[in-house]
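Chemist: For reference, the chains in residue letters:
Number of protein chains: 2
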Amino acid sequence: MEGKTYPEFSTHYPLLLKTFMRRPVSLYPNETGVVYRNPDTGQYHRFTWREWYERTCRLANALQSSLGVKPGKAGEPGDRIATIALNHHRHLELYYAVPCIGAVLHPIVPRLSLDHITHTIKHSEDKVLFFDDILLPLVEMLYDRIKPIVEKFVYMSDGGGIPETKIEPIYDYEELIKGQSPEFDWPYMDEDTYATLCYTTATTGLPKGVMYTHRQLYLHAVHLLAAGAWATDPSRPHLGDAAVPMVNTPFCHANGWGAPQISVFSASKIVLPGRFTVEGFCDMVQTEKVTSTSLVPTMLAMLVEYEDLKKYDLSSLVSIGVGGAALPLGLKAKAEELIPEFTASSGYGMTETGPVAVVASTKRYMRNWTKEELDKVRVKTGLPIACLEVDIVDENSRPVPRDNETIGEIVMRGPTIMEKYYNDPERTAQVWRDDGWFHTGDVAKIDEEGYMTIMDRITDVIRSGGEMIPTVLLENLTATADFVLEATYVGVLDSKWGERPLALIKLVPGATESEEDIYRFLETEGVDKGKLARWMLPDFIALTDDIPKTSVGKYDKKTIKNGIGEFLSKAKRMREG
Amino acid sequence: MEGKTYPEFSTHYPLLLKTFMRRPVSLYPNETGVVYRNPDTGQYHRFTWREWYERTCRLANALQSSLGVKPGKAGEPGDRIATIALNHHRHLELYYAVPCIGAVLHPIVPRLSLDHITHTIKHSEDKVLFFDDILLPLVEMLYDRIKPIVEKFVYMSDGGGIPETKIEPIYDYEELIKGQSPEFDWPYMDEDTYATLCYTTATTGLPKGVMYTHRQLYLHAVHLLAAGAWATDPSRPHLGDAAVPMVNTPFCHANGWGAPQISVFSASKIVLPGRFTVEGFCDMVQTEKVTSTSLVPTMLAMLVEYEDLKKYDLSSLVSIGVGGAALPLGLKAKAEELIPEFTASSGYGMTETGPVAVVASTKRYMRNWTKEELDKVRVKTGLPIACLEVDIVDENSRPVPRDNETIGEIVMRGPTIMEKYYNDPERTAQVWRDDGWFHTGDVAKIDEEGYMTIMDRITDVIRSGGEMIPTVLLENLTATADFVLEATYVGVLDSKWGERPLALIKLVPGATESEEDIYRFLETEGVDKGKLARWMLPDFIALTDDIPKTSVGKYDKKTIKNGIGEFLSKAKRMREG
Chain A
1 MEGKTYPEFS THYPLLLKTF MRRPVSLYPN ETGVVYRNPD TGQYHRFTWR EWYERTCRLA
61 NALQSSLGVK PGKAGEPGDR IATIALNHHR HLELYYAVPC IGAVLHPIVP RLSLDHITHT
121 IKHSEDKVLF FDDILLPLVE MLYDRIKPIV EKFVYMSDGG GIPETKIEPI YDYEELIKGQ
181 SPEFDWPYMD EDTYATLCYT TATTGLPKGV MYTHRQLYLH AVHLLAAGAW ATDPSRPHLG
241 DAAVPMVNTP FCHANGWGAP QISVFSASKI VLPGRFTVEG FCDMVQTEKV TSTSLVPTML
301 AMLVEYEDLK KYDLSSLVSI GVGGAALPLG LKAKAEELIP EFTASSGYGM TETGPVAVVA
361 STKRYMRNWT KEELDKVRVK TGLPIACLEV DIVDENSRPV PRDNETIGEI VMRGPTIMEK
421 YYNDPERTAQ VWRDDGWFHT GDVAKIDEEG YMTIMDRITD VIRSGGEMIP TVLLENLTAT
481 ADFVLEATYV GVLDSKWGER PLALIKLVPG ATESEEDIYR FLETEGVDKG KLARWMLPDF
541 IALTDDIPKT SVGKYDKKTI KNGIGEFLSK AKRMREG
Chain B
1 MEGKTYPEFS THYPLLLKTF MRRPVSLYPN ETGVVYRNPD TGQYHRFTWR EWYERTCRLA
61 NALQSSLGVK PGKAGEPGDR IATIALNHHR HLELYYAVPC IGAVLHPIVP RLSLDHITHT
121 IKHSEDKVLF FDDILLPLVE MLYDRIKPIV EKFVYMSDGG GIPETKIEPI YDYEELIKGQ
181 SPEFDWPYMD EDTYATLCYT TATTGLPKGV MYTHRQLYLH AVHLLAAGAW ATDPSRPHLG
241 DAAVPMVNTP FCHANGWGAP QISVFSASKI VLPGRFTVEG FCDMVQTEKV TSTSLVPTML
301 AMLVEYEDLK KYDLSSLVSI GVGGAALPLG LKAKAEELIP EFTASSGYGM TETGPVAVVA
361 STKRYMRNWT KEELDKVRVK TGLPIACLEV DIVDENSRPV PRDNETIGEI VMRGPTIMEK
421 YYNDPERTAQ VWRDDGWFHT GDVAKIDEEG YMTIMDRITD VIRSGGEMIP TVLLENLTAT
481 ADFVLEATYV GVLDSKWGER PLALIKLVPG ATESEEDIYR FLETEGVDKG KLARWMLPDF
541 IALTDDIPKT SVGKYDKKTI KNGIGEFLSK AKRMREG
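Chains A and B supply the protein sequences, listed in that same order. Take the first sequence: its letters are residues 1 to 577, numbered as in my numbering. Take the second sequence: its letters are residues 1 to 577, numbered as in my numbering.
So that you can see chain A by itself, here it is in the shape it has in the complex (with noise of 0.2 angstroms):
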């Protein structure tokens, strides 16, 4: 490969991560690139693009010859490097060296239970864990499982130097790559080489493995920006030299949403909060002038409770894009209120599709709406990019008509949805149907326009009477209410129905509302202007400082109903089914 030459380079010069690497050096060497703000001591690490680029060189020397990790070729991946990491240049050092020499990156989401964790590391084979200080009791609960599997362990923390433990063999990262080159002659290779591995969490059985080349994240990253350049929308995400993003998305989490290749591809000034935390989130917008950023709705929930926001200056901050969950309004008008010249718009996607796949963004004749009329469109999840084939498709998979009311199952092929599950053909063929097409799993409805809404998890849905009651419609309706924070509904057994609808709701602090109210806000907002069935109200409400969340902020909808027995103690009964 590495004399790979005309004609191989006439026809199919290689997309690679590389080629991201290389522009904000060539652009920028001497500027700052990244920033890290370490999130318990609040101290700040800046570095240039030369800087980090020549660590990055080091950290692919020492893969190389301290590590002796081993590349991959098309179909056959190298060998696994596996990473439990905040947000921060090593992590994102690691994005770019174990890739670009042939490897591929494993980054693990810390808060999967320990089997999960287990399970991911033994079904990925992983040979190296990187890993960092603050997560060294959680590795060194792991360690008697996974040290059959892997062979080396490297500790990452800011002051260097390691601690007293049973790992081993351990290395410290800053002492590996210290004595390394600062040059590294990156490999042509084949584009459809494996690049990263990342674990999602199955609804049923065990975490599945996705599995990306480097064509496929350098396509999800250049369609992107090419959404970028076309956006008429004052709320679209700020690329490129003039802004500045701070990564608040876990790069552990479905390829950090492609911020760890895009930011790069961008030469933005990069900034990384190592976890999102509300103090840290308003210290660095203020000190770096952060211009752009993407939340989790919980996380955006959380800065509008955070009680010091209003002695931050934040008037940087012109863009932020909210997914992972759908954004309720209510939540939006509160973040609105509260933090100056915040828009956001809503996006969709999994894992599995990049994982960026529908974005909300606003059509050209919509140019001169009134804010709340673009608010309208920006809370449907929207969009989908433009490499992208979606539909909604009926159980016989034809399309359903576009009357933003029939429900089906979104569905979609283009170049940035994943092969397959690493090693598991049956899940695979799940998804990956004979039709063509990628299964999403998710539900949703369509408008004339092709924006479609997401209404749920095909597995959420509640079924009531062999109707259908979409959870999401309740859950944004619910959290429109003032003094609602969070809302969630899941289906509890009825011998008569089916299942039938329980709510479990955290209300804003200080509230004093009661179940009643609440009931009664879906009946006034709800039924009697139509946008619910009567049928649909909650026949339990449950009102819970503690509604349980994924790693991600997402309603853990598969833990409450593990537990449901518990939160139907604590709910009150409102109707009779």
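Accuracy of the hints is not assured; some may be wrong.
[Said to hold, decoys possible] Below, a list of computed lysine to aspartate or glutamate pairs in the EDC-like style, where the Cα atoms sit at most 20 angstroms apart:
#1 B:K18 <-> A:D391
#2 A:K178 <-> A:E288
#3 A:K558 <-> A:E499
#4 A:K554 <-> A:D539
#5 A:K18 <-> B:D391
#6 B:K152 <-> B:E140
#7 B:K73 <-> B:D190
#8 B:K558 <-> B:D545
#9 A:K18 <-> B:D190
#10 B:K363 <-> A:E31
#11 B:K531 <-> B:E405
#12 A:K363 <-> B:D190
#13 A:K122 <-> A:D424
#14 B:K18 <-> A:E31
Hints were generated in silico from the structure; no laboratory data involved. Everything numeric in this text was worked out from a predicted model, so none of it was measured.
Given chain A, work out where chain B should sit, using these hints.
Modeler: Chain B alone, transformed into the frame defined by chain A:
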């Protein structure tokens, strides 16, 4: 291919031009998408995106059923379909229908000599020729020579109907597509299927056929869009929904500089002028509120000379890209005086490179620079587009120093560079050498920040006493004189020095300056200010209103050199060599 599904779609969903067509039709079916103004009658023709798309489907059906056009596959081109046509909706329909059924579009440059046109048709073995009504005389002149090759002719006119002619069999375009179905099931093909074949005039010998695949055209367009997303420059090309591009670059030149792909994928309203006329240009900008366009310097020079310019409202025009030749600072200054909001930046490319390869974008830290400072950057040729590797190398393939002085040949590689000259392995081997780089044959210097400035064609450089005089350096300096409209330099044989420079100068209308004034200008503005060495000054200066130009409006140095005796006889000897 029709039945292509999992696992093909999951690994390699193909990058095809049909994806570009899908976007505007799904976003804006009922809005005006394509506007054509007949340059002779002044009549406007407007089509919604659905109307244009349905015409394209009808054309695809006609190509298959009525004309028997056969698709190709990767490595084996489908039937070649030639066009001799201006920029109008029909030509844009051909730009999609032909490649998207798997055949190859061969747009012919009508200004080539009859010999060259005949050669390209024979070399390409065109099966069908689509041509414009106003180009009937040209096709009649070609007819006897090409009738052994071309099986069918299609006549395109606004009025419809076929005139008296010896050409046969001949079809009327509108009649041909009328009875066809407005739907077409576009096939999924390998992305390496050939899409277009554009001939480029060579420095020596017959035109060379540059064959482009769907993948290459797709990636060219998407990377240019990505560049639009991250550009901070106010002169960045306006793309997407908000843009109204007028495509002045002929569709027959170098894939129309990517306009047929970029503007359709962006879902812009596309304005087509047939051919460039100053009156048509101004009328369409005013009527259609054109925001952006691309011109060659000669078109800009014509605009600047247009006496009715001030009568039009050109205020919508915010971006003019200038390419095809370096933009003289003097011409730019004149345009800025006359056209409100005019800003322009340079670029560089050739048919073989997609064509766009280098764009004079500015950098982040230039954001607060004055217009004067920025202009100095924008008249440099620019920075490579993000997917390309570009180097300036000396005769031993070593990169030249970044001193903005040393000149070398521009070499490139990347996913948007052509694979090969069609059926021409010898000349392919001249440009794609063993070192794995495409050799452009253009000479440039590069500064510390990576901005390159094109100095000349390797073959145009004047070699005087073992040193190289880049003619573009002389040309640009000369054009800054406010009495000079056009200026070009060629070498004339000299027994002592090998070659010495001859200047051909066209003065602005009404100017009365002499050869001596020009020479004195070069001394004071060039030599005295350190921009020129004294030995670079021209030995001869000829004042003439007729500087030969190529079909794209570049100075035609081949023709000048062929008629050098005549120009020398008009010239004044300024100094002894």
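Chemist: The structure should be examined with respect to each hint, and the outcome stated for every one.
Modeler: Here is what the structure says about each hint:
Restraint check: the Cα-Cα separation between B:K18 and A:D391 comes to about 17 angstroms, which is no more than 20 angstroms; the hinted pair holds. With a C-alpha separation of about 28 angstroms, the suggested pair A:K178 and A:E288 falls outside the 20 angstroms cut-off, and the hint is violated. Among the hinted pairs, A:K558 with A:E499 is consistent with the structure: their alpha-carbon atoms are about 16 angstroms apart, no more than 20 angstroms. A hinted pair counts as satisfied when its Cα atoms are at most 20 angstroms apart, and A:K554 with A:D539 does not qualify at roughly 23 angstroms.
Between A:K18 and B:D391 the CA atoms are separated by roughly 17 angstroms; this keeps the pair inside 20 angstroms, and the hint holds. Under the criterion of a C-alpha separation no larger than 20 angstroms, the hint pairing B:K152 with B:E140 is consistent with the structure, at around 14 angstroms. A threshold of 20 angstroms between alpha carbons decides the hint, and for B:K73 with B:D190 the separation of about 7 angstroms falls inside it, so the pair holds. Between B:K558 and B:D545, the direct Cα distance comes to roughly 18 angstroms. Compliance with the 20 angstroms bound is thereby established for this hinted pair.
The hinted pair formed by A:K18 and B:D190 fails the criterion: a straight-line CA distance of about 25 angstroms is larger than 20 angstroms. Straight-line distance between C-alpha atoms of B:K363 and A:E31 comes to about 12 angstroms, which keeps the hinted pair within the 20 angstroms bound. Pair hint B:K531 plus B:E405 holds up; C-alpha atoms about 11 angstroms apart against a cutoff of 20 angstroms. A C-alpha spacing of about 32 angstroms is found between A:K363 and B:D190, which places the hinted pair above 20 angstroms, so the restraint is violated.
Using a Cα cut-off of 20 angstroms, the hinted pair A:K122 and A:D424 holds, with the two alpha carbons roughly 14 angstroms apart. Between the alpha carbons of B:K18 and A:E31 the distance comes to roughly 41 angstroms, so the proposed pair goes past 20 angstroms and is violated.
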